[in-house]
Amino acid sequence: MAEITLEGLRFRYPDNPMDTLEALDLRIASGEAHALLGGSGAGKTTLLNLLSGLQTPTSGCIRFDGRDVTALAPRQRKVAQVFQFPVLYESLSVAAMLAVPLRNHGWSRRDAARRAAEIAARLDLAPLLNARSGDLSLYQKQLVAIGRALVRPDISLVLLDEPLTAVAPAIKWQLRRVLKTAQAELGATMIYVTHDQTEALTFAERISVLHAGRVLQTADPETLYEAPSHEQVAHFIGSPGMNLVPGEITAGRLWLAGHPLGGAPGLTDGACTIGFRPEWARVSAAPAVSPAAAGTSIGGVPVTVDAVRVLGTRLQQPEGLVGIRVGTTHVYTRQPIDVAPGCPGMLHVRPERLLVFRDGARVA
Amino acid sequence: MLELHDIDLGAGPFDHAFPGGAITVVLGRNRSGKTHLCRLVAGLVSPGQGTVRLDGTDISSWSPGRRSVAMVYQSFVNYPNLSVYDNLAAPMRARRRGGGIRARIAGRGDARMDIRVRELADRLGLTPYLARLPSELSGGQQQRLAIGRALAKQARVLVLDEPLVNLDYKLREALEQQLRELLLSTGVTVIYTSSDPRDAFSLGDEVLLLDRRQPVQHGTPLAVYQHPDSLAAADLMSDPGINRFVEDDIHCAVRPEHLSLAADPERPQRRFEVAALDVETNGSETYLHADYLGHPWIARLVGLARVRSGQAVTLYAPADAVLRFPGSADG
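Protein sequence lines, in the order shown, are assigned to chains A and B. First residue of the first sequence? That's 6 in the numbering used here, and the numbers climb one at a time after it. First residue of the second sequence? That's 1108 in the numbering used here, and the numbers climb one at a time after it.
All clues stand as given, with none of them false.
What follows is a set of in silico ranges between Cβ atoms, one per label pair, in the way DEER data are often shown:
| hint | chain 1 | residue 1 | chain 2 | residue 2 | range |
| --- | --- | --- | --- | --- | --- |
| 1 | B | Gly1128 | A | Gly44 | 36 to 44 Å |
| 2 | A | Tyr94 | B | Thr1158 | 49 to 57 Å |
| 3 | B | Glu1380 | A | Gly139 | 41 to 49 Å |
| 4 | B | Arg1239 | A | Gly46 | 17 to 25 Å |
| 5 | A | Pro265 | B | Asp1162 | 54 to 62 Å |
| 6 | A | Glu357 | B | Gly1434 | 49 to 57 Å |
In short, the hints are calculated from the structure, not lab data. Idealized CB from N, CA, C, for every residue including glycine.
Throw the hints in and build the complete structure from the sequences for me.
And the structure:
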């Protein structure tokens, strides 16, 4: 499979004053499982169409293994695609269905059948080779669609557009697992497009987070989670997303609602946004527990508890999300439910976990 | 209070009382009888046997229009050709038409209605969109409008049949948080069906578990979670499903969130040697899918955990977190 390089790739619809996709540089290694993560309107579909050749970029270039394919037609690029819903010839058997792309490219009946059986075995489809496509469950149909995308050994790239949409939530992981195993074994370069953070973080080695036509960050799951480069990434990753509250830097210290949270060495004075994940913070009923005991920031910030949401118990004690108001901003902490709505509390954030954003981008 | 007496959803008669002014989350899987129960309360199907009483009055034979019950469906049903304002006003206008000559006298009524529409829009966060058509709203706004139309009916009972199931994930998260406050502020009796136990915790004063067309347990969400009467009840209040095993011929279970990769040295622990199948993660939590003696298990781990497929893994749970169900044959 191919290494994919995007160089200054840009797309703008005629008569549109704004780029749908801003100059984009990205390198995806041969055999990499890559995800494009973003909400609706982020530019995912446009990027997908540029890669498959359905749309032509306004400027910039796409290379497969160093070779410029920007001007090539979809068919010449050898890109296979899997869509949200399986598109199959319902009357064909699974074996025949898997052989279609090979037969279309001049393979003999015998060779095509052998290769189809090989792919079917990799996808746990072997027992279904003689079944009629129309009789399969949605899960099995989507598996056949994936098989069809993988069956040609000369394919450069596999594009997957929300491929688990049609599958029941409880068994999505099984389909993803089969897909991931096949991807690794075949060394396939795959680009997986989704709005679902779990899909992206689970499937991919590296994820590009797309927002408003820009790739904000490309990184592995741990980095996106712990060190997001932008507020949008911080919000998108995690459930619930990262807390983002207006803060202030004065004389090298970080302040939240008039209370010191920790040090901010090397940052100029002025307004900023403070980011921390619900699991990095804790609210205790006022008066505060001693900061030494909690291992958290000095003093704490007085807050009012808005709501609590039990998610289960740990050590026989309810735990879950505590919703609080800091100024006018809603914030969540993930912790034991030992505070009640309406009560005053003290918010502590682990100081080593505090992130600082300015103009949407992380500065510390 | 809404009382069901001798009602049958297809698996034998039962009684249940929904407390007035509170939210009851009816939790069950597909085809557990949730929708049937909703339709029965709304009067869209006849109970066949038994009675439905609303604040002491038998309404079993009343038509849906005569009952003080409003319903919200999975798919957001709004009038596509009416503005948000008129969608909210429509149920009030319909009431006045039904209310005879006196209610139809214009002037004061219109002004009152206008106040109510705007007040409702404000509570639903729809004020900036009053002039828009439903198709010009986001999915979350459309569903809020559908809920608003149900509230505009000023019914005493509000039935919501999996109202958030068609919304995307981040939207759902946002709406869930407002919904409890919104519903409680109206003072109506709410029946809210779902298949997600998180809804029971985030919305419910009470939870009623339905399994195979029959109630299996009810109570406060935490009580039902902590003291399930049966495997079925434990499983319904578990997200994802409960992990089962058999020990000394007794059916046992352990919740996904009670399993971890590290033992707690302070407390007696149970060890489970499992084969890892795969992990999925949203960053905050990782689901570890595993095989334990032929049972499919899921451990809900905090943070981002990396486990290789096929790897042998030891999972730990506090000994007192293992649920035991003597005499419980199946789930």
